[in-house]
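Trainee: Here the protein sequences come in this chain order: Z and W.
Residue 259 in my numbering sits at position 259 of the first sequence, and the numbers go up by one each step.
Residue 75 in my numbering sits at position 75 of the second sequence, and the numbers go up by one each step.
Derived by calculation from the structure, the hints in this document are not laboratory data.
C-beta: ideal position from N, C-alpha, C; glycine also.
Every clue listed holds true.
Quick list of in silico lysine-lysine cross-link-like pairs, DSS-like style, CA-CA up to 25 angstroms:
| no. | chain 1 | residue 1 | chain 2 | residue 2 |
| --- | --- | --- | --- | --- |
| 1 | Z | LYS245 | W | LYS6 |
| 2 | Z | LYS279 | Z | LYS30 |
| 3 | W | LYS9 | Z | LYS245 |
| 4 | Z | LYS279 | Z | LYS307 |
Okay, the calculated bits of chain Z under chain W, using three or more residues with CB under 8 angstroms as the criterion:
| no. | stretch |
| --- | --- |
| 5 | 208 to 218 |
| 6 | 235 to 245 |
| 7 | 318 to 330 |
Listed below, chain by chain, are the residues.
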Amino acid sequence: MPRIQLVVIQPTPFCNIDCRYCYLPQRTSKAVIAEQTIANLFSQVFASGWAEDGLTVIWHAGEPMVLPIDFYRRAFRLIDQLKPAELGLTHAFQTNGTLIDDDWCAFFAEQRVNIGVSVDGPGRLHDVNRVTRAGRGTFDRTIAGIRRLRHHGVPFHVISVLSAESLAAPREMFDFFVSEGIDRVCFNVEESEGDHVSRSFGEAGIEDAYYRFLREFWRLAAASPGKFAFIREIDEATRVVLRPKEAVFFNQLVEPFAITSMDWAGNIATFSPELLGLKNAGYDDFILGNINRDQLTELAEGPVLGKMQADIAAGVELCRQRCEYFSICGGGEPVNKLAENGSFVSTETTFCRMTKMRATDLVLDLLDLVGQRSTELSDAGIRSLGTELPAGGSRSDALPLV
Amino acid sequence: MSLPQKYLKVVSELVTPGAIGVALLLGSAAPAAASPDPAGQQSTRAQDERVSERLAAIREAVSAVSGPQTQTEGRAGDQRLAWHNGWGNGFGFGFGNPWGNFNFGQPWNNWHNWRNGWGNW
Chain Z
1 MPRIQLVVIQ PTPFCNIDCR YCYLPQRTSK AVIAEQTIAN LFSQVFASGW
51 AEDGLTVIWH AGEPMVLPID FYRRAFRLID QLKPAELGLT HAFQTNGTLI
101 DDDWCAFFAE QRVNIGVSVD GPGRLHDVNR VTRAGRGTFD RTIAGIRRLR
151 HHGVPFHVIS VLSAESLAAP REMFDFFVSE GIDRVCFNVE ESEGDHVSRS
201 FGEAGIEDAY YRFLREFWRL AAASPGKFAF IREIDEATRV VLRPKEAVFF
251 NQLVEPFAIT SMDWAGNIAT FSPELLGLKN AGYDDFILGN INRDQLTELA
301 EGPVLGKMQA DIAAGVELCR QRCEYFSICG GGEPVNKLAE NGSFVSTETT
351 FCRMTKMRAT DLVLDLLDLV GQRSTELSDA GIRSLGTELP AGGSRSDALP
401 LV
Chain W
1 MSLPQKYLKV VSELVTPGAI GVALLLGSAA PAAASPDPAG QQSTRAQDER
51 VSERLAAIRE AVSAVSGPQT QTEGRAGDQR LAWHNGWGNG FGFGFGNPWG
101 NFNFGQPWNN WHNWRNGWGN W
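Take the sequences, apply the hints, and build the full model.
Mentor: Structure representation (structure tokens):
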């Protein structure tokens, strides 16, 4: 039976800005989801028995905050009325931050909404890609929104897309986050997806640049305890590498319906959320069906899902056979395989070499450095014992602390 | 020293009661920015041991150090051990619920009192 952990809703494809790396083709459309579509989705999600406790509903691309607060009040109330009492559910927004004001902050606090703000670093880095339709930078408006959140005590994290320029500037990125009191950070890389071809992926040495960025950011963060509560790429890589053998690994992105995505029209997709909105004749644009017409549980038996699932599973199997990093990845991200390799039935991508392999290499390298340092200290302690131990005496209290 | 022995030693030190957060400890070992590129070092990719074997040895070591508690308590939260949802340029999803019951980095529900944190907590 599928387990839905994350529901991604695109309440409108419209976005009020026009980032250069955006892969969403319909971001000028001002269509808005109908309340009935929301009701159809959640009544079926809850009736299916597939929803996991702790379900997250993320209101996502285009820009969710172009819709009024009242829209979300009604939507949240509707979902709450349909939800089984015992099921935990959290709402989340991923926003460009430009529309955050005091009223939104009050709403977020009242509804305990998880907020993620997209900001790519200080103005000179952010404004390279995150621009209006007129081509003007959006940094000033985004940082004003972040400061509003902080002013109201609304917890949030940021997602920063790393370009070749920001990868070369870990200290500047670090100083920016610290100066703005941003203590929960996630890094994305500029990916090739849909029609967007990553500029970063074409740069020579980009994978090592990612390694160096992460290493330096990690070093700086470790040297400033208390400045960060969460650095997603570091925390995740560490916990995935340093896990007990009994822990079962689960890659949401290759499990049907673990992430269930719906657009404004009620079209349903799964696996990588970016697939919803992309065109592909071979997989019927990745749309499994429409919640206003079809039964969610029947979509699991549909031909589109069957074809995607078979191909994605074949790609995962290739990863299992060929990749040294399979145990920390679980078969990668389907959308990247398709965009970079032209097929789900494939293995390595630049995306996975950067974000999974190099991140894992870094944890392994640091573990080795900790081990070497500890050995050196122990050896020094043993030598010290040999020369300084008083005859017949114990010096255990003099052993070096490691 | 064999791989299992090597990582058992390292992991044991990382989880020493009272030790600072693992992320802090590992980050403190990172060389400064001016250090050579990983390709020029005795880095992960240059070593003889296969990455898959090293990762397996680390998991064995974590299990050995954390003890039977892992095996009984680890199941409840194991599905949370998903690689990050860093999907999409500028999009994605960060972590759990920061409003209360703040829990973004503990995939195994108290399987061990070892914090994967950034502070002395």
